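Enquirer: Here the protein sequences come in this chain order: A and B. Take 0 as the starting number for the first sequence in numbering that gives the first Met the number 0 and just add one per residue. Take 0 as the starting number for the second sequence in numbering that gives the first Met the number 0 and just add one per residue.
Fair warning: there could be bad hints in the mix.
[Said to hold, decoys possible] Simulated crosslink set (DSSO-like; lysine-lysine; CA at most 27 Å straight-line):
1. Lys88(A) with Lys261(B)
2. Lys261(B) with Lys45(A)
3. Lys273(B) with Lys45(A)
4. Lys261(B) with Lys1(A)
5. Lys47(A) with Lys261(B)
6. Lys245(B) with Lys45(A)
7. Lys66(B) with Lys86(B)
8. Lys86(B) with Lys88(A)
9. Lys45(A) with Lys70(A)
It should be emphasised that the hints constitute simulated quantities derived from the structure, not laboratory data. Just so we're clear, the structure is a prediction, and the values are computed from it rather than from any experiment.
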Amino acid sequence: MKLRSDLVLRTIGSDHLIVDPSQDMVDLSTVYTLNSSAAWLWEQLKGKEFNIDAIVELLCENYDVDIDQAKSDAETLLQDFQNQGLLEK
Amino acid sequence: MNLTKSSELSQTRYRIAELVLEFNHPADYPLAQLLPSFRDFQWLDSADTTDISITVSLSKAPIPEDKGILRTDESIAWGDRFRFYEKEDTFITTIINEQGNAAWYLQSDRNFEHSLLYVPESTADEQTGVITWMAMMIFGQASLLHQTIMIHASVANHAGRGVAFLGKSGTGKSTHSRLWLQHIPNTVLLNDDNPAIRITDKGVLIYGTPWSGKTPCYKNEQLPLQGFVRLQQAPMNEFEWQNGLKGFIAVLPSCTSIRWNKELFSTMNTILEKIIAQVPVGYLKCLPDAAAAELCHSALFPNE
Numbered sequence: 000m001k002l003r004s005d006l007v008l009r010t011i012g013s014d015h016l017i018v019d020p021s022q023d024m025v026d027l028s029t030v031y032t033l034n035s036s037a038a039w040l041w042e043q044l045k046g047k048e049f050n051i052d053a054i055v056e057l058l059c060e061n062y063d064v065d066i067d068q069a070k071s072d073a074e075t076l077l078q079d080f081q082n083q084g085l086l087e088k
Numbered sequence: 000m001n002l003t004k005s006s007e008l009s010q011t012r013y014r015i016a017e018l019v020l021e022f023n024h025p026a027d028y029p030l031a032q033l034l035p036s037f038r039d040f041q042w043l044d045s046a047d048t049t050d051i052s053i054t055v056s057l058s059k060a061p062i063p064e065d066k067g068i069l070r071t072d073e074s075i076a077w078g079d080r081f082r083f084y085e086k087e088d089t090f091i092t093t094i095i096n097e098q099g100n101a102a103w104y105l106q107s108d109r110n111f112e113h114s115l116l117y118v119p120e121s122t123a124d125e126q127t128g129v130i131t132w133m134a135m136m137i138f139g140q141a142s143l144l145h146q147t148i149m150i151h152a153s154v155a156n157h158a159g160r161g162v163a164f165l166g167k168s169g170t171g172k173s174t175h176s177r178l179w180l181q182h183i184p185n186t187v188l189l190n191d192d193n194p195a196i197r198i199t200d201k202g203v204l205i206y207g208t209p210w211s212g213k214t215p216c217y218k219n220e221q222l223p224l225q226g227f228v229r230l231q232q233a234p235m236n237e238f239e240w241q242n243g244l245k246g247f248i249a250v251l252p253s254c255t256s257i258r259w260n261k262e263l264f265s266t267m268n269t270i271l272e273k274i275i276a277q278v279p280v281g282y283l284k285c286l287p288d289a290a291a292a293e294l295c296h297s298a299l300f301p302n303e
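Starting from the given sequences, assemble the full structure and let the hints guide the process.
Expert: Here it is as structure tokens:
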């Protein structure tokens, strides 16, 4: 899977966000906010083809988490990205 | 898109927020007379490069059967008469004329740098209204390529610094500006509806434009931008600063960019991101009274 290439992660002060312009007639444009670890992961994954194992690996290498915690965090994050339509179709 | 420059065309140029907008039109078409709100913005230096061009044609519009994807038919200004389409690498805007027997037809490239406008049978008043509005729509998109955003705001000029009041239509932006004019000394109006904001080496500046809603206030002036204030009607007066993300989200809905050109939309967000890093954003819950203006003024100008 891949992150949508048309989305740009923005940092304002200590906040991270993504603005997704609605393409429908009615403007349902959305602002997503990311915490700092999700934002960091976004930067690592952007432009790349990746799977859940890549996320787990990134988490384990860079955060003080055990593998089970990393797996469960990666699943939650991926599910969020999926549900919010932030992945390429 | 095929834009041929005929020798019979005259150029009328304007400079708005440091961007040169050029109309190419038949020599006998009284463009400058039709655009009275642009008068202060006329730009006679023909050596300067053109940033945005609009070619005006009085020929019959070559309206194609297939105008592409209908992106929106909502317009506060034009109601049912308006349509906006995306077709291949162009955007098409149509407005039915007042008589209802023909249409205004505007074809713009993706970034709105070059547009071709066909004028149907219409009165001078209608021509003034439509061309003024279309130029605003075009400027709002094309300016994004030049570190400039057009916003929906009423702007007070207090002691040579601009304060931009934001809010949905009907919130009382103009009313709040008027309260400043009445109760805060040394305050005049810069623009009442559509100022432009530009990032320059001298900081973030706010500019008057030929577009000012219902208030005829078309000043070719620029001021350092002191701050944005989003307004909300309330039974009391309360001011709160909005930092980081909150500030960005408070200003974003007031910024101009079509959503269907994702590059332009992203550029708009990038410019706003830079502006927010330099300009504070406040949120004012307010009554339409003098105390609201005084509270807002003391928050934005604490040293006065």
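Enquirer: If a hint holds in the structure, say so; if it doesn't, say that too.
Expert: Hints and how they fare:
As the CA atoms of lysine 88(A) and lysine 261(B) are separated by approximately 17 Å, the hinted pair is consistent with the 27 Å bound. Taking the CA atoms of lysine 261(B) and lysine 45(A), the gap is near 17 Å; set against the 27 Å cutoff, the hint holds. Annotation: proposed proximity of lysine 273(B) to lysine 45(A) holds, straight-line Cα distance about 22 Å (limit 27 Å). With a C-alpha separation of about 18 Å, the suggested pairing of lysine 261(B) with lysine 1(A) holds against the 27 Å cut-off.
Our distance criterion of 27 Å between C-alpha atoms is met by lysine 47(A) and lysine 261(B), whose separation comes to about 21 Å. For the given pair, lysine 245(B) sits about 25 Å from lysine 45(A) by alpha-carbon distance, which is consistent with the 27 Å threshold. As the CA atoms of lysine 66(B) and lysine 86(B) are separated by approximately 6 Å, the hinted pair is consistent with the 27 Å bound. For the hint pairing lysine 86(B) with lysine 88(A), the CA-to-CA distance comes to about 23 Å; that is within 27 Å, so the pair holds.
As the CA atoms of lysine 45(A) and lysine 70(A) are separated by approximately 20 Å, the hinted pair is consistent with the 27 Å bound.
Of the numbered hints stated above, none is contradicted by the structure.
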